[in-house]
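Start from chain X and add chain S according to the hints.
Protein chains: 2
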Amino acid sequence: MPPLQINEVAPRDGLQIEATFVPTAAKIRLIDALSATGLARIEASSFTSPKAIPHLRDAEAVVRGIRRRAGVGITVLVPNVKGAERALACGVDEINLVMSASDSHGLANLRMTPEQSLAQFAGILEVVASQPGGRGVFVNASLSTAFGCPFEGQVPEARVLELVERLLELGIDGVTLCDTTGMANPAQVAALCQAVLARFPEAPFTLHFHDTRGMGLANALAAWQAGITRFDASLGGLGGCPFAPGATGNVCTEDLVHMFEQMGVATGVDLDALLAVSATLPDLVGHATPGQVIKAGKADRRYPMPQRS
Amino acid sequence: MPPLQINEVAPRDGLQIEATFVPTAAKIRLIDALSATGLARIEASSFTSPKAIPHLRDAEAVVRGIRRRAGVGITVLVPNVKGAERALACGVDEINLVMSASDSHGLANLRMTPEQSLAQFAGILEVVASQPGGRGVFVNASLSTAFGCPFEGQVPEARVLELVERLLELGIDGVTLCDTTGMANPAQVAALCQAVLARFPEAPFTLHFHDTRGMGLANALAAWQAGITRFDASLGGLGGCPFAPGATGNVCTEDLVHMFEQMGVATGVDLDALLAVSATLPDLVGHATPGQVIKAGKADRRYPMPQRS
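Here the protein sequences come in this chain order: X and S. In terms of full-length UniProt numbering, the first sequence opens at residue 1 and continues consecutively. In terms of full-length UniProt numbering, the second sequence opens at residue 1 and continues consecutively.
Next comes chain X alone, as it looks inside the complex (with noise of 0.2 Å):
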């Protein structure tokens, strides 16, 4: 079995939305922590305008700031031409464009159409290959509501392939399908996974969930059984879906690398490691995580037996 290849997303996913700003130093600490677990990527900022996403307005001197290691690959999110320009200027190794797979959730959340995004898309990719060092950058889009739009509904699986496709035409080096509000399920992960991979085997494909209705870690399941190994995941279960109050956020980094390893799945990922930085979040983020593992300890957790009267 291949190892399973992690992109860690708190940094820049769980921190954009938490109440509290975190400060730069401590940022950095998290991740310079969490690139000593064994995790293949990190997603350590966004280079939006401050304006847009005041948490990460720290995002330059958060990506310089950090101890590069090899064999951990540093991507952040980037929004325009101008997010883009910044980010090859500090040095990224990757850079995730991200785009919706249905209109409304584009226009809501990025104010732009599908078709918007791609031509979007073909601007920064000119300036990624036009900038010095920017050809060795991997190029990744993220496709939100790849699985359902909280507006609109179900997406049809032709209209994700076809966009997968002209993602790929454009020059995109990878994509990642986002179930953006926690709407997947295992059937309907496992179908649109055997799909994109069937009709394009060579390209890199993660798979992005949220737990918002519980089936985080059964939707990651389901993608691995159908060939999957590269999944988005954020330490803690840090990040939410705005639409779901109460509900939990992301997949949890510290839970999937537990499932996957039990399952005698490699990850990459030194666990103990991993938990003992997920233990540092409450105090960075003023509250409790909703992961689980951090809670119940690992399955190889032994207990004495009680005493009985």
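Treat the hints as calculated values from the structure; they're not laboratory data. Some clues are possibly wrong.
[To be verified] To spell it out: a stretch of chain X is covered by chain S in this simulated footprint if at least three of its residues, at any positions, have a beta carbon under 8 Å from a beta carbon of chain S; those stretches are:
| no. | stretch |
| --- | --- |
| 1 | 181–193 |
| 2 | 211–224 |
| 3 | 252–261 |
| 4 | 294–302 |
[Unchecked claim] When the alpha-carbon atoms are kept at most 20 Å apart in a straight line, the in silico EDC-like pairs for lysine to aspartate or glutamate are as follows:
| no. | chain 1 | residue 1 | chain 2 | residue 2 |
| --- | --- | --- | --- | --- |
| 5 | S | Lys295 | S | Glu261 |
| 6 | X | Lys82 | X | Asp58 |
| 7 | X | Lys298 | S | Glu152 |
| 8 | X | Lys82 | X | Glu126 |
| 9 | S | Lys298 | X | Glu152 |
For clarity, every value in this text was computed on a predicted model and none was experimentally measured. No residue lacks a Cβ here, since even glycine has one placed at the ideal position from N, Cα and C.
Only chain S this time, still in chain X's reference frame:
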């Protein structure tokens, strides 16, 4: 695909560990409401000594007070011959006996080794057969720690298969394989389910999962893929793991039903009705419940487009 049969365990497995006693009339209202949702079975109470489980001291009144509905089996937990006699006197459809697959969990939880439990079950089966109406009662055995013991660790699959064989030889009608403390992983679940179904193709097996480490639904998916169609689940995810404070307990019924219905697997359950019952739980038990769908809504929930400036 055959429809699933869901056995709702919240009235027994959930309420027994709550901090407060739920009044008998409220228990009856809960079970009557659950009966109307299309669940296949409901574990209504436990005929244990009132000293052992004070919260279920009203087992007779509950079972006698509920409205019986065609197609909804009423099952109760029975710890010994006396409990079996009490249960049969109330006219239950099924009794559920409990034993552990591991010596130390059996001694800690029941003060009995697996061998002692098997001997006791033989006595209970004799009593059931000798009672008026007893022959029509389904006798199920729940095998705790079938996927691992919190004191001993791994329980060999061969040992579980041996105990299942001996239960069926005794005359037990069905066996529930219980992941008592949430140690199971999907690969292990697939392997054990395939093994029991291959070796005992005629026996009705039920799977009982805990979400202690976030794998509850992933394990249910793996069991279903292996051919299992009967599941225990607990409304709202009530119930717990005494060893893991803060971790969720039993797999949540509405989340399980939601996942399978979304996959196109019939459960026979009216999910909207079930969610309405789940929404009454916080008042009943005095705290929020860990279910996800109750917070997020079903995957087909639609939201209005946000108004942007």
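The hints, checked one at a time:
Counting residues of the stretch 181–193 of chain X whose beta-carbon sits less than 8 Å from any beta-carbon of chain S gives 7, enough to reach three: the coverage restraint holds. Counting residues of the stretch 211–224 of chain X whose beta carbon lies closer than 8 Å to any beta carbon of chain S gives 11, which meets the minimum of three for the stated coverage. With a threshold of 8 Å between beta carbons, the proposed coverage of the stretch 252–261 of chain X by chain S holds, since 4 of its residues qualify and at least three are required. Requiring three or more residues with a Cβ within less than 8 Å of a Cβ of chain S, the coverage given for the stretch 294–302 of chain X holds, as 8 such residues are present.
About 18 Å separates the Cα atoms of S:Lys295 and S:Glu261, which keeps this hinted pair within 20 Å; it holds. Proximity of X:Lys82 to X:Asp58 is assessed by CA-CA distance (about 15 Å); at most 20 Å being required, the pair is judged to hold. Taking the CA atoms of X:Lys298 and S:Glu152, the gap is near 14 Å; set against the 20 Å cutoff, the hint holds. For the proposed pair X:Lys82 and X:Glu126, the alpha carbon gap of about 12 Å is at most 20 Å, so the pair holds.
Under the criterion of a C-alpha separation no larger than 20 Å, the hint pairing S:Lys298 with X:Glu152 is consistent with the structure, at around 14 Å.
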